[in-house]
Amino acid sequence: MTEGPARILMAKVGLDGHDRGVKVVARALRDAGFEVIYTGLHRTPEEVALAAMQEDVDLIGVSILSGAHMVLVPPLLEHLRANDAADIKVVVGGVIPPGDRQKLRDLGAAAVFDQDAATDEIVDWIRRELRQPGTAPPVDGSGAPHDPG
Amino acid sequence: MGQHSEPDGIGEARDDWAVSDLKPALARMPERRKQFETLSGLPVERIYGPEHIAALDYLRDLGFPGRYPFTRGPYPAMYRSRPWTMRQIAGFGTAGDTNARLKYLIRQGQTGISLDFDMPTLMGYDSDDPRARGEVGREGVAVDTIDDLDEILEGIDIGAISVSMTINPTAWILFSMYVALAERRGVAWERLSGTVQADILKEYIAQKEWLYPIPAGMRIVRDLIVYSVRHLPRYNPINISGYHIREAGATAIQEAAFTLANGIAYVEDVCRAGLDVDEFAPRLAFYFIAERDFFEEVAKFRAARRVWARIMRERFGAQRPESMRLRFHCQTAGSSLTAKEPLNNIARTSLQALSAVFGGAQSLHTNGMDEALAIPSELAMKVALRTQQIVLEETGAANTIDPLAGSYCVEALTNEVEAHIWEYIKRIDELGGAVEAAKQNFFQIELAEAAYRYQRRKERGDLAVVGVNTYKDPRGSEAVPFALHEVDLDTEDRQKQRLARVRRERDPRRVDECLAALVAVARTDGNIVPPTIAAVKARATAGEIVSALRGVFGMYVEQPVF
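In order, the protein sequences belong to chains A and B. Going from the first sequence to the working numbering is simple: count from 1 and add 779. Going from the second sequence to the working numbering is simple: count from 1 and add 3.
Next comes chain A alone, as it looks inside the complex:
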C-alpha cells in the first residue's frame, strides 16, 4: 500500500437514485481520513471503472438499492480485470438479498455490506483491508471482527 491516506471512489451505477446511503458512507470515510471521490448518480459500470483508474483509487464502494446488482457489478469487475486494474478492490453496499452476497464475493467483490451495516464497521473493514492505520475497536464492543455480508 502506498503512503498517505487511501483513495476511495464511491459510485452509483444504473438508474437507481437512492443516494442517502452512499453519501453517508462517503462522508464517514472522509471523516475517517480517507480521500473520497463520489461519482454522482446514474453511472454505467464502464464509467465507474474508468473513473477509478483515472483517479488511481485503492477501492470502489458501489451502492445499489435497485436490485440490479447481479447485472451491474459483474461488468464493473470485468472492466477492471480487462484493464489490469483488478487490484482495485470493489465493495458492494445496498439492498442485497442474502443469497446474492456470496455470489458477488465469488465473482470478485471484496465485501458486501447491507443497509444495517454501521459506518464504523465499514471504516474498520476498509482500514484492515487496505492496512491503514487507526483501526478502531468495534463500536458494539463485541470483540470479534464482523464478517460483512
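Derived by calculation from the structure, the hints in this document are not laboratory data. For glycine and all other residues, C-beta sits at the position ideal for the given N, C-alpha and C.
Away from chain B, derived, C-beta distances all over 12 Å, residues of chain A:
id, residue
1, 834
2, 866
3, 885
4, 889
5, 907
Derived DSBU-like pairs: lysine-lysine, alpha-carbon spacing no greater than 30 Å straight-line:
id, chain 1, residue 1, chain 2, residue 2
6, B, 37, B, 26
7, A, 882, B, 499
8, A, 868, B, 461
Sample of chain B residues with no beta-carbon within 12 Å of chain A, all distances over it, derived:
id, residue
9, 28
10, 32
11, 37
12, 274
13, 426
14, 435
Starting from the known structure of chain A, arrange chain B on it as the hints suggest.
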C-alpha cells in the same frame, strides 16, 4: 411555548408533586436517559400539562374537521363515513404480472390502485435502451407504450376505482396514456379519479429521478396541472411529496417544511400561467411518510394541514375552503425496516400506520415486512393490507375523529412543529423560493447533514433499532423466515418482445408526425399535454417522447454534495 396563565392551583400542585413524589422516585430510580427528544431533535418533556398549551386558541388553531384551519381533518365526518383508501403499491415484471397482483389485492379488499414503475419507465428510457439493462420490470412494472398500461389495467374499471401512479419526470406521459386509455375504453374523463405524483421539485432535492433542467421540469408540471384541472375535475394532477425527502434523510420538520415550500412554488407557477388559485388548488394533493416517532408524526400531519390552510388563505388569498384543506396519502417508512429479523417489520409498520390514521390520512400504503430484502412478495403485501384492515376494523382507532386532539403532548408538539415549519418557509422565501433554493443546493445540503446526523445517532446507540443495534440475537443472524419475491430473469426479454411488436405494428410516419408536433409546441409557450396525448395514441414510446424533448429542454446535471 412558555408559561402562560393556567387554572388556579395547578402550578402549586405541580410544584408539590415535583418535590414530594417525583424527586424521591427519581432518587430511587433515575430516568432511562439524561434527555429525551423526538426524532427531529425536539426536546420531549417529562409530562405535558395545561401550561404547554396555554396559548392554544381552540377555534383559531383547531376548529372542527372540514373547517379552517383543518387541523382536525380535511373532511367533516372523516373515517366515520369514509375510511381511508387502502392503496397498496404494486408493480413488477411486465403488464400481465402486475395485472395479476392488482386483481389479487382487489380481491383481498384493497380499495384503490397504486402503480409502481420500473426505473427505465421512471427515467424515460425504453426497455430496449442500453441504459435500461438489468432494470426492466425489476423495481416496478415496465411501461413503454399505451398498450402496456392497457394490459396492466385489463379487467379493472378505471371509471370506478382510483388509480395512483408513482411517477415523476415522465408523469405527463403516463397521464396522457391514462386519459387516452379512458377514451379507448369509452370512460368519460369526468369520471377519472386518482393521481400522478408529478412532484419534480422533490426529485431534484431527494429522489433523484429527473430528465430536464429545473425550469423545464417546472413547466411540464404546470402544463399538467393546467390541463388536468380543466378536463378532469376529479383527478389530482400532483402529489406534493415529503416521503422521499424524509427517506433521503430529512427530519419530520424538514419533511413537512420542504414539502409545503415546494407546494408554494407550484401554486405560484400555476398562478403565473393565469389560473385563479381557487381554480386549481382544490386538486393539489400531498404525500407524507409515517416514521417511527409516533407522537411527532401525528403532530406533523396536523401541523402540516394547519400551515397549508394558512398559506393558502393568507398568502394566496384563496376563497374556497377546498383550496385550503390539505389532503394526503401516507406510506409507512421503508428505511425504518430492517433486513435482520424481518418479522419485526410487521410491528414497526403497524404502529406507523396507526400514526397515519391518528394524523388523518386520506389513503395509506403499509410496507411489506420483506422490503429491506426484496420487492414485496404477495404474502408480505397481504399481511400489510391486513394490518390496515385490523387498524380500521378491530382497534376502534378510526371511530372518532382526531382522537389525540386536546392531548397536552400532541397539541404542544403540533404547535412546535408548526413554528419550525414557518421558520424554514421564511428561510426558503429569503433564498428566493423553493426553485431557487433547490438550484443553490440548499435542500440537498440540509438533507445530507441530517442523514449523517441520523446515522451517527443510530451508531452511538442514541437511536435504538431492535434486533440490529440493541437486543441482538446472540445466535447471530437467522435465515429469512419466509419466501422472497423471485425476480423473473426472462422479464427483460419478454418486455423487449412486446415493445418490438408495437414498433412493427404501428404507423411510423404518424409517430414521427406526432413527435414533431410535440417538439413544435414545446418550443412555444403552449401546453405539451395535448400533443403528448396524440403521440401516445399513435403508440409513440415514452422513451421516444422524452428524447424528442431533450433537443428542446436539454438535460439536468446534478452537482452532488455529501
